[in-house]
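Chains A and B are the protein sequences, given in the same order.
Using my numbering, the first residue of the first sequence is number 1, and each one after it goes up by one.
Using my numbering, the first residue of the second sequence is number 1, and each one after it goes up by one.
It is possible that some hints are incorrect.
[Unchecked claim] Label pairs and their calculated CB-CB ranges:
no.	chain 1	residue 1	chain 2	residue 2	range
1	A	Met-104	B	Arg-187	30 to 38 Å
2	B	Arg-163	A	Gln-201	58 to 66 Å
3	B	Asn-146	A	Asn-203	29 to 37 Å
[Stated by the list, open to error] Residues of chain A clear of chain B, computed beta-carbon distances all greater than 12 Å:
no.	residue
4	Arg-2
5	Glu-7
6	Thr-29
7	Asp-34
8	Asp-60
9	Asp-62
10	Met-79
11	Arg-121
12	Asn-122
13	Ser-133
14	Ile-139
15	Asp-140
16	Asn-162
17	Ser-181
18	Lys-191
Hint data in this document are derived by calculation from the structure and do not stem from the laboratory.
Every residue, glycine too, gets a C-beta built ideally from N, C-alpha and C.
There are 2 protein chains.
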Amino acid sequence: MRKELEEAYGFIFEKELLDEIVENGIIKTASAGDKIIEIGEYVTGMPLLLKGAIKILREDNDGDELLLYFLERGDTCAMTLSCCLGETKSEIRAVAETDTSFIMIPISKMEEWTAKYKSWRNFVFESYHSRLSEMLDAIDAIAFLNMDERLMRYLRDKAKINRDETIHSTHQQIAYDMHTSRVVISRLLKKLELDKRISLQRNQIKVIDL
Amino acid sequence: MRKELEEAYGFIFEKELLDEIVENGIIKTASAGDKIIEIGEYVTGMPLLLKGAIKILREDNDGDELLLYFLERGDTCAMTLSCCLGETKSEIRAVAETDTSFIMIPISKMEEWTAKYKSWRNFVFESYHSRLSEMLDAIDAIAFLNMDERLMRYLRDKAKINRDETIHSTHQQIAYDMHTSRVVISRLLKKLELDKRISLQRNQIKVIDL
DNA sequence: GCTGCTCTGTAACTCTTGTTACTGCACAGG
DNA sequence: CCTGTGCAGTAACAAGAGTTACAGAGCAGC
């Protein structure tokens with residue numbers, strides 16, 4: 001734990017804080033596709049991502065999903081964070097995008113460290129800022145962009161997060177994330193292929209130029 | 001300033017903090033319609049709303065606007081907040097919805113108080129939490145709702161914020177806020193009127209039952 | 001009361017996205 | 001090699017929202 005923690009957070013947290021994290025944190029792992037937090041669940045701690053990526057989703061009353069953003073190493077979930085402090089239920093769903101490992105920090109320590117460590121405060125604020133920015137990006141995308149542009153954005157993000165130019169998803173899975181229908185995604189992907197920006201095979205999409 | 005401050009924040013901040021706010025804050029006012037912060041501007045402080053309401057807007061590259069949410073007495077702008085700490089430019093526009101007054105807190109004090117006062121920390125975190133929730137609501141609206149439902153939501157919010165069941169806006173202004181066209185809004189408003197949920201006059205909309 | 005301006009109502013059309021329905025292909029497992 | 005299942009391609013249509021264009025209503029200033 002120590003080694004991974006230092007790789008991801010060593011340059012932003014001071015030594016004493018790292019010690020406290022090692023002492024109080026619980027290491028957890030999740031495999032790609034695992035649900036990490038469900039909407040309506042009480043949040044028991046705050047995760048510090050060490051490895052892998054997590055996707056954060058919103059759901060409406062009919063069960064329709066929408067991808068908000070991805071978290072990577074060095075990120076934490078600000079949503080969780082404010083839930084912890086308010087002891088409220090989660091408003092989002094978190095699903096492991098790849099195999100992940102993270103450290104869970106108990107709620108009690110969070111408040112303590114906020115008073116005690118400047119680096120922790122900065123991290124927490126920085127995290128809120130990043131998350132708000134990402135929410136704004138998500139809003140921009142759904143409010144101002146057409147489906148084809150949103151799809152390109154999605155494919156770019158997905159390739160980046162997975163560090164793989166080949167995306168291993170079905171059209172249906174993409175449709176869920178983007179809150180649209182499979183037919184629409186197939187249609188647009190085919191158009192992108194004709195434009196020589198991607199190439200399509202069963203269960204995978206290869207990014208050529210987006 | 002003292003009196004208004006205590007009315008809005010007296011029950012959440014301790015006395016010493018209130019003293020510091022009075023000492024360091026600068027009181028400002030804005031008339032309905034005034035721009036308070038513009039996108040790309042550097043943020044010089046953090047506003048504590050005393051009176052009135054502010055609307056927070058996002059803009060895309062073509063200058064198209066979208067209303068994100070309203071702020072009221074007791075609120076602060078978390079966006080501003082994270083901009084302050086990061087010394088970055090504003091990502092949003094803030095416009096006075098009604099005549100407003102607020103206290104500007106200089107950046108330097110914010111960090112100091114975060115270490116010093118628990119009530120300030122809680123306020124800041126609480127504020128982030130509220131703003132994130134409101135962003136989620138905004139996302140829900142544009143992602144999951146149709147125009148007619150979004151319009152009803154808008155009218156409800158607007159009536160609530162202004163404490164006035166009669167909304168004094170033109171269809172064009174509503175269209176700007178909702179990032180659509182005037183014709184669409186006129187069409188839907190007429191439909192709502194036929195359903196006896198609102199009544200329409202020139203420059204005003206009276207909410208009957210939404 | 002006339003004039004000019006802004007605001008609203010409406011029709012007709014286009015475009016994008018969503019829906020339904022069907023076809024065929026790919027692959028795993030017998 | 002056959003077959004079932006899931007995945008992808010495509011057509012045809014429906015619905016919602018955006019666009020253009022124009023007519024007329026309301027109101028302020030003269």
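Subject >> Thr-29/A remote from chain B - nearest C-beta pair above 12 Å >> reply: holds (27 Å)
Subject >> Asn-146/B paired with Asn-203/A, Cβ distance criterion 29 to 37 Å >> reply: holds (34 Å)
**OP:** Run the C-beta distances from Arg-2/A to all of chain B and say if the shortest one exceeds 12 Å.
**Re:** The claim holds: Arg-2/A sits with its nearest Cβ about 27 Å from chain B, beyond 12 Å.
Original post:
Does the claim that Ile-139/A lies off the interface hold, with its Cβ farther than 12 Å from every Cβ of chain B?
Top reply: Non-interface label on Ile-139/A violated, nearest chain B Cβ at 6 Å vs cutoff 12 Å.
Original post:
Any Cβ of chain B at or closer than 12 Å to Asp-62/A, or is the non-interface label fine?
Top reply: Given a closest Cβ separation of 8 Å, the condition is violated.
**OP:** Confirm or reject the statement that Met-79/A sits farther than 12 Å, beta carbon to beta carbon, from all of chain B.
**Re:** Label violated. Min Cβ-Cβ 6 Å, cutoff 12 Å.
**OP:** Verify that the Cβ of Asp-34/A lies farther than 12 Å from every Cβ atom of chain B, and report whether the claim holds or is violated.
**Re:** It holds; Asp-34/A is separated from chain B by about 23 Å at its closest Cβ, greater than 12 Å.
Original post:
Since Asp-60/A was said not to touch the interface, does its Cβ keep a gap of more than 12 Å from each Cβ of chain B?
Top reply: violated (4 Å)
Subject >> Check on Lys-191/A being off the interface with chain B, judged by Cβ distance over 12 Å >> reply: Given a closest Cβ separation of 23 Å, the condition holds.
Original post:
Would Asp-140/A pass as off the interface with chain B, using Cβ distances and a cut of 12 Å?
Top reply: Non-interface label on Asp-140/A violated, nearest chain B Cβ at 6 Å vs cutoff 12 Å.
Original post:
For Asn-162/A, is the shortest beta carbon distance to chain B beyond 12 Å?
Top reply: holds (24 Å)
Subject >> Closest CB of chain B to the CB of Ser-133/A still more than 12 Å away >> reply: violated (7 Å)
Hint compliance for this structure: hints 1, 8, 9, 10, 11, 12, 13, 14, 15 are broken, all remaining hints hold.
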